[in-house]
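Protein chains: 2
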Amino acid sequence: MKIGIDMMGGDFAPLEAVKGVKAYLKTSSASSLCLIGDKSMLEKLLLEHGIDPTTLFIQHAASVIGMHEHPTKALKEKTDSSIAVGFGLLAANKIDAFLSAGNTGAMLVGTHFSIKPLEGVIRPTISTIIPKVDGKTGILLDVGLNADCKPEQLNQSALMGTIYAQQILGIENPTTGLINVGEEEGKGNQLAQATYPLLKENSSIQFIGNIEGRDILQSKADVMVCDGFTGNIILKMAESIYDIAKQQQIQNAYFDRFNFEDYGGTPILGVAKPVLIGHGISGEKAFLNMLLLAKKMIEKDVMNTLQKALQA
Amino acid sequence: MKIGIDMMGGDFAPLEAVKGVKAYLKTSSASSLCLIGDKSMLEKLLLEHGIDPTTLFIQHAASVIGMHEHPTKALKEKTDSSIAVGFGLLAANKIDAFLSAGNTGAMLVGTHFSIKPLEGVIRPTISTIIPKVDGKTGILLDVGLNADCKPEQLNQSALMGTIYAQQILGIENPTTGLINVGEEEGKGNQLAQATYPLLKENSSIQFIGNIEGRDILQSKADVMVCDGFTGNIILKMAESIYDIAKQQQIQNAYFDRFNFEDYGGTPILGVAKPVLIGHGISGEKAFLNMLLLAKKMIEKDVMNTLQKALQA
Numbered sequence: 255m256k257i258g259i260d261m262m263g264g265d266f267a268p269l270e271a272v273k274g275v276k277a278y279l280k281t282s283s284a285s286s287l288c289l290i291g292d293k294s295m296l297e298k299l300l301l302e303h304g305i306d307p308t309t310l311f312i313q314h315a316a317s318v319i320g321m322h323e324h325p326t327k328a329l330k331e332k333t334d335s336s337i338a339v340g341f342g343l344l345a346a347n348k349i350d351a352f353l354s355a356g357n358t359g360a361m362l363v364g365t366h367f368s369i370k371p372l373e374g375v376i377r378p379t380i381s382t383i384i385p386k387v388d389g390k391t392g393i394l395l396d397v398g399l400n401a402d403c404k405p406e407q408l409n410q411s412a413l414m415g416t417i418y419a420q421q422i423l424g425i426e427n428p429t430t431g432l433i434n435v436g437e438e439e440g441k442g443n444q445l446a447q448a449t450y451p452l453l454k455e456n457s458s459i460q461f462i463g464n465i466e467g468r469d470i471l472q473s474k475a476d477v478m479v480c481d482g483f484t485g486n487i488i489l490k491m492a493e494s495i496y497d498i499a500k501q502q503q504i505q506n507a508y509f510d511r512f513n514f515e516d517y518g519g520t521p522i523l524g525v526a527k528p529v530l531i532g533h534g535i536s537g538e539k540a541f542l543n544m545l546l547l548a549k550k551m552i553e554k555d556v557m558n559t560l561q562k563a564l565q566a
Numbered sequence: 255m256k257i258g259i260d261m262m263g264g265d266f267a268p269l270e271a272v273k274g275v276k277a278y279l280k281t282s283s284a285s286s287l288c289l290i291g292d293k294s295m296l297e298k299l300l301l302e303h304g305i306d307p308t309t310l311f312i313q314h315a316a317s318v319i320g321m322h323e324h325p326t327k328a329l330k331e332k333t334d335s336s337i338a339v340g341f342g343l344l345a346a347n348k349i350d351a352f353l354s355a356g357n358t359g360a361m362l363v364g365t366h367f368s369i370k371p372l373e374g375v376i377r378p379t380i381s382t383i384i385p386k387v388d389g390k391t392g393i394l395l396d397v398g399l400n401a402d403c404k405p406e407q408l409n410q411s412a413l414m415g416t417i418y419a420q421q422i423l424g425i426e427n428p429t430t431g432l433i434n435v436g437e438e439e440g441k442g443n444q445l446a447q448a449t450y451p452l453l454k455e456n457s458s459i460q461f462i463g464n465i466e467g468r469d470i471l472q473s474k475a476d477v478m479v480c481d482g483f484t485g486n487i488i489l490k491m492a493e494s495i496y497d498i499a500k501q502q503q504i505q506n507a508y509f510d511r512f513n514f515e516d517y518g519g520t521p522i523l524g525v526a527k528p529v530l531i532g533h534g535i536s537g538e539k540a541f542l543n544m545l546l547l548a549k550k551m552i553e554k555d556v557m558n559t560l561q562k563a564l565q566a
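As you go down the protein sequences, you meet chains E and C in turn.
Numbering follows the numbering used here, with no gaps: position 87 of the first sequence is 341.
Numbering follows the numbering used here, with no gaps: position 220 of the second sequence is 474.
Simulated from the structure, these hints should not be mistaken for laboratory data.
If you're wondering where the values come from, they're calculated on a predicted model, not measured in any experiment.
Warning: the hint list may mix true and false statements.
It does not matter which identical chain is used: a pair holds within one copy or between any two.
To be verified - With a cut-off of at most 27 Å between alpha-carbon atoms, the simulated DSS-like pairs for lysine-lysine come out as follows: (1) LYS441 <-> LYS332; (2) LYS327 <-> LYS441; (3) LYS500 <-> LYS386; (4) LYS327 <-> LYS554.
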């Protein structure tokens, strides 16, 4: 197993990435890593943090795609950037997963052009973990990759979310809810109305019906599906509530669980290999958790399970 | 001025409605009210609360539309219900505003069939107050009346929200933001992409561009527009955060401002007369604040200002 990590992406890279790698090495083997970035800079930083650089595989990448660069343009022009090099390694099967806290757009475009979608997937999707108030954990998707969705996409999201919840979140029989404005069948916008019967008929998921905005943080459904526009607003609003709680000096274990660092990054679901997108402000803990998530996804062979489910 | 109040609608009516009326009478005249409901029951309750029933105008209504009855069916069959009677009075100009904490659907259907839309309005809309973390107050619309919207509707929402923010919230030059998944023009789903240029060209509003989920609780824009599907999810998620904060025994002045009782009800904007819809679980404070809001809307002649703005 080899996990490729973009050491240069993110507001606090490469320092926090190095710290994350150091924390990862406490429980995992150095051979499972491929560090991508400025080799001499990384070697120096690793040494400073008590890691012998010769024990790690470092793939040199001379440049970095900035957080605000145009994704397609940057990827095309900066072929020696850590993200471009990472996708090159992933496409050539030299690494089994790739993660970065860098330019999100470049990660999406890179995935689109370098990694095949799983057979039968209409469009890949991205998700987020939603902490539930009773201590459980749910998954919400799509959170922004597809602003406009077709009912069939939401139906696939439900399936992919179900598999992910089983394999990664450890939920044996995940329930699925359709995010909507009312509980009854027939409620909602055209998309929700057309999606409901598809979910109802989908025997690969455990559909419990519509869930409302007030149910998102409650344990009504483990897998919550909606279009990427709605999901993105929900995700960013949830993140802002964490920030506000911190700012208001609220000490509360539940609100603390909204800290994205605990989850690391979000995988792109529906493509052949794990690609994990981290938050721009990722620190040591986020990098560590992204590495552990990538490891788990490879070990559980999640993408293969998804492929089988999609073809069932 | 005469405000019609459905005394029988809501989970805690008529008791809490009577308490709300009592609180209202401390600052406002009895002649500004028309109580609608079971006359003998109301007279008894008023007496018990130290109010002489003969000082108030009570319009008898023999039945009540239950919270879960089918709106159209109930309105048609229960012509002696407090909501049906209220709309009858409003349509006959015997009252100048009507408010209820009862069956929301019946309030919407009643409005649709009894009260004319303002000239030029594509579709009426409903809004919610959003408390901002810096102490300010914003308005979000639509929050559920129109699950699928056209760009022109969002443009009208921006105008109606601007007038409401000026007249009722006392914001002199309200800014408008388009709820979206990214800051840049061109981002978003088809609706948001098509709405942006309309808002940009609308000289009756002060458009500041896209706002994201993380900006909703921040003071980025006073008026926040989106389709009713997205708005409904945001509203109900915000309400659930208040409930969770209470449940987690969080003492915080900001989260306390999410208490819907402080705002009373939400008016339907875009119709000729003020119709206010209260929360089913309205208590004394919510009824009081609904009455005060209705009074303010009549005094400021908000509907007329809206009509002029729509025709400008």
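- For LYS327 vs LYS441, is the C-alpha pair at or below 27 Å within one copy, between two copies, both, or neither? between (42 Å within a copy, 17 Å between copies)
- Item | Identical-chain pair category, LYS327 with LYS554, by Cα at 27 Å | neither (35 Å within a copy, 54 Å between copies)
- Message: At most 27 Å between alpha carbons: which applies to LYS441 and LYS332, within, between, both or neither?
- Response: between (48 Å within a copy, 24 Å between copies)
- When no copy is specified for LYS500 and LYS386, does a C-alpha distance of 27 Å or less occur within a copy, between copies, both, or neither? both (18 Å within a copy, 16 Å between copies)
Taken one by one, the earlier hints fail for this structure only at number 4.
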